[in-house]
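*Asks:* Protein chains in written order, with our numbering: chain C, -8 to 406; chain Z, -8 to 406.
These are computed hints drawn from the structure, not numbers from a lab. Mixed in with the good hints there might be a few duds.
The list makes no distinction among identical chains, and a pair is therefore deemed to hold if it is satisfied within one copy or across any two copies.
[As the list claims (entries may be wrong)] Below 25 angstroms or equal to it, Euclidean Cα-Cα: the simulated SDA-like pairs (lysine to any residue) are:
(1) LYS154 x LEU79
(2) LYS178 x ALA257
(3) LYS41 x THR62
(4) LYS224 x THR68
(5) LYS299 x GLU317
There are 2 protein chains.
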Amino acid sequence: MTTLIQLGEQAKKAARFLAVAETKDKNLALEAIVAQLKQDESIILAANEKDLALAKENNVPETMMDRLLLTSDRLMTMCADIESIIRLADPIGLVDKMWKNADGLTIGKQRVPLGVIGMIYEARPNVTTDAASLCFKSGNAVILRGGKEAFHSNQALVTSMQKALASVNFPEACIQFIADTRRETAKDFMTLNGYLDVLIPRGGANLIQTVVKTATVPVIETGTGNCHVYVDKDADLEMALNIVMNGKTQRPSVCNATETLIVHEAIAESFLPLLEVAMTPFHVELRADTLSSRYLSTSIPATEEDFKTEFNDFILAIKTVASSEEAIEHIQTYTTHHSEVIVTNNYTTSQSFLKQIDAAAVYVNASSRFTDGSAFGFGGEIGISTQKLHARGPMGLNELTSTKYIIYGSGQIRH
Amino acid sequence: MTTLIQLGEQAKKAARFLAVAETKDKNLALEAIVAQLKQDESIILAANEKDLALAKENNVPETMMDRLLLTSDRLMTMCADIESIIRLADPIGLVDKMWKNADGLTIGKQRVPLGVIGMIYEARPNVTTDAASLCFKSGNAVILRGGKEAFHSNQALVTSMQKALASVNFPEACIQFIADTRRETAKDFMTLNGYLDVLIPRGGANLIQTVVKTATVPVIETGTGNCHVYVDKDADLEMALNIVMNGKTQRPSVCNATETLIVHEAIAESFLPLLEVAMTPFHVELRADTLSSRYLSTSIPATEEDFKTEFNDFILAIKTVASSEEAIEHIQTYTTHHSEVIVTNNYTTSQSFLKQIDAAAVYVNASSRFTDGSAFGFGGEIGISTQKLHARGPMGLNELTSTKYIIYGSGQIRH
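All chains should be modelled from the sequences, with the hints used to inform the complete structure.
*Replies:* See below:
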């Protein structure tokens, strides 16, 4: 079995190759990957059936079975996603800015790949092709560590992608896979200093916290979103209703879904009954504080814990406040710094919210559901960073790069 | 004694205050700090004398005694450095770019502070005022953990700065100091997740490696520089001589000093004897590979270890190569990704070097000594990042910021 150190060494070598590869060659390789994945469809689906059978044996819950499932259609969607990555502009080589310093040196800040990216993720096999192609397009070698439930699927996908790479004379080690599902190996991966330039966990809060606490390589924290919508006294109530409904019910399982509604007391009496009626067909459980519950017929009492929780479900916590300052204070206390929304037509209140709320995305009069790479216009995304270092918010190709200073001199020395 | 958690909580509170403070108020506070430091000169110098006396008792080496020493002149220089930070542009609030997405949302990427910055450093007390004022100007609260040798000096400096902050109605906790020199406390500091947005170690390789390996909070690795100069066959030899001399002898103790010279074999015979003559007055020890040693009268043999070493001293490793590719290969093997130099008049060779070398700063025809915040035109710097995540190369005010997306909508929901 290949050791992690060997994977790391091969990845570093491949990263040097990839760092200087031209965009057109990288695109050709991604096209070869799409063709190979299509050709290997039956092998990939057979591997997936093996995973599904094992999952059934192990009584894996139905929702996870669905995440795990590959079909011909789903594989075609994965290929289409790679094709859209081919069409994205390559950030590598771009010079963000260039200036002359006092000594007459011309200094340029140029985009370069990060180098070797580690990915730790859970059951969805589409993350395998998605992460691999985003890392590849941005000139990074990637080492993938998917969930053990998807082991055979991921192995088949990576084998197919590596075959494609070899066919166009790229090192297979541009995309590698840890064929070892033991926990100790995950730990060793998180401490593979000197080989991993960054480790990106993608999955539930438990996975992310384990990585953050265990890793000694640089990590980008992704994910958790306890997103709030504050409906101000000066809000357009119809707009507010649309935004809260969209945030809570359009896709409640994702990190940019709305979890808590905060309502100004001046409009609570008119807004909350409207909301309750609109939520009824979606069977949304309303967990309300005492003030809010007066205007709701079927709410249950909200606990402190509810205001802290990312439900990822048809549950909404509700709080009524006396002022926008109180709303801001509540959000700043409970925010996971993902996406926060105010609905208001008051200019001063909107500016104050934008200024004071500390989150990756702060919205005035729009749904929290827009926080992702495709909605922002980045093409794909490798995750949504909720930390402040390196990247914040949706991470597209640009967030998978670093920079180097290229300096043109004419013999300058330091005095 | 205040616990780290208490320091962290106070810092978070102060960071919220600072994040929305106006530039002119931050500048006024920095001016108050300068005035207070000047007023407290005798207290600060007395505290420094205490540190010096203890250091003498503990037989601390002469070089460290010098780093530890504060004088009236040195304190004035520290104040002048703060004054130059006052004059720097405030990055907070700047919108790097703003665009409209497909749904008609106006999305702006705005500079915000990182939040709470931790600093771990060694004996120089000037780092205390320097780091504090850079963090403050960029809207960040800072928690400082200086070397135990400078304990009393740092405590006096921080007390003085806090007094100034209080006088202009800023929270004292904008600048805090860990008044506990135990090792366990340093470890607890490195794992203060939830409070520190980033931890920046500044000092020798040992300190930095300890922090990288121990910390679970995000770290920016700084420092180590095994910098190379490659003198190509197409180099102007006089220019090359100036650049190597400057890199090695102008200030050999710093991280951007030149440690290894690589010479093309076609010019080794003419260049190396010139170099030896020029180096003689500086008593530079030349550690040469077999090929190079033929052209030197007094070199000693270079070992593999020499090519790996950041000497920070009047020692130069020398290697002769048959091609620019071999030079690039050597550098890519031994680089610490800090600053690398080629001297050449060949266009193709220069471009190939710029493209292939993976370092924070890659120079054509200039000394490696230019890699720092002031030479780059950033004003001050808090350190030189040798990692690829978040910031690479000299870190000025801009590198102490994060971003948030501010999004102006008109009722948009996701479909």
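*Asks:* If a hint holds in the structure, say so; if it does not, say that too.
*Replies:* So, going through the hints one by one against the coordinates:
For a Cα distance limit of 25 angstroms, the shortest separation of LYS154 from LEU79 inside one copy, 23 angstroms, qualifies, whereas the shortest one across copies, 53 angstroms, does not. Neither within a single protomer nor between protomers do LYS178 and ALA257 lie at most 25 angstroms apart by alpha-carbon distance, with minima of 52 angstroms and 50 angstroms respectively. For the homomeric pair LYS41 and THR62, the shortest alpha-carbon distance inside one copy (13 angstroms) is at most 25 angstroms, but the shortest distance between copies (74 angstroms) is not. Taking the closest pair of Cα atoms, LYS224 and THR68 never come within 25 angstroms of each other, the shortest separation being 44 angstroms inside a single copy and 53 angstroms across copies.
Proximity of LYS299 and GLU317 under a CA criterion of 25 angstroms is satisfied intra-copy only: 16 angstroms inside one chain copy versus 58 angstroms between copies.
In this structure, the hints that do not hold are numbers 2, 4, in rising order.
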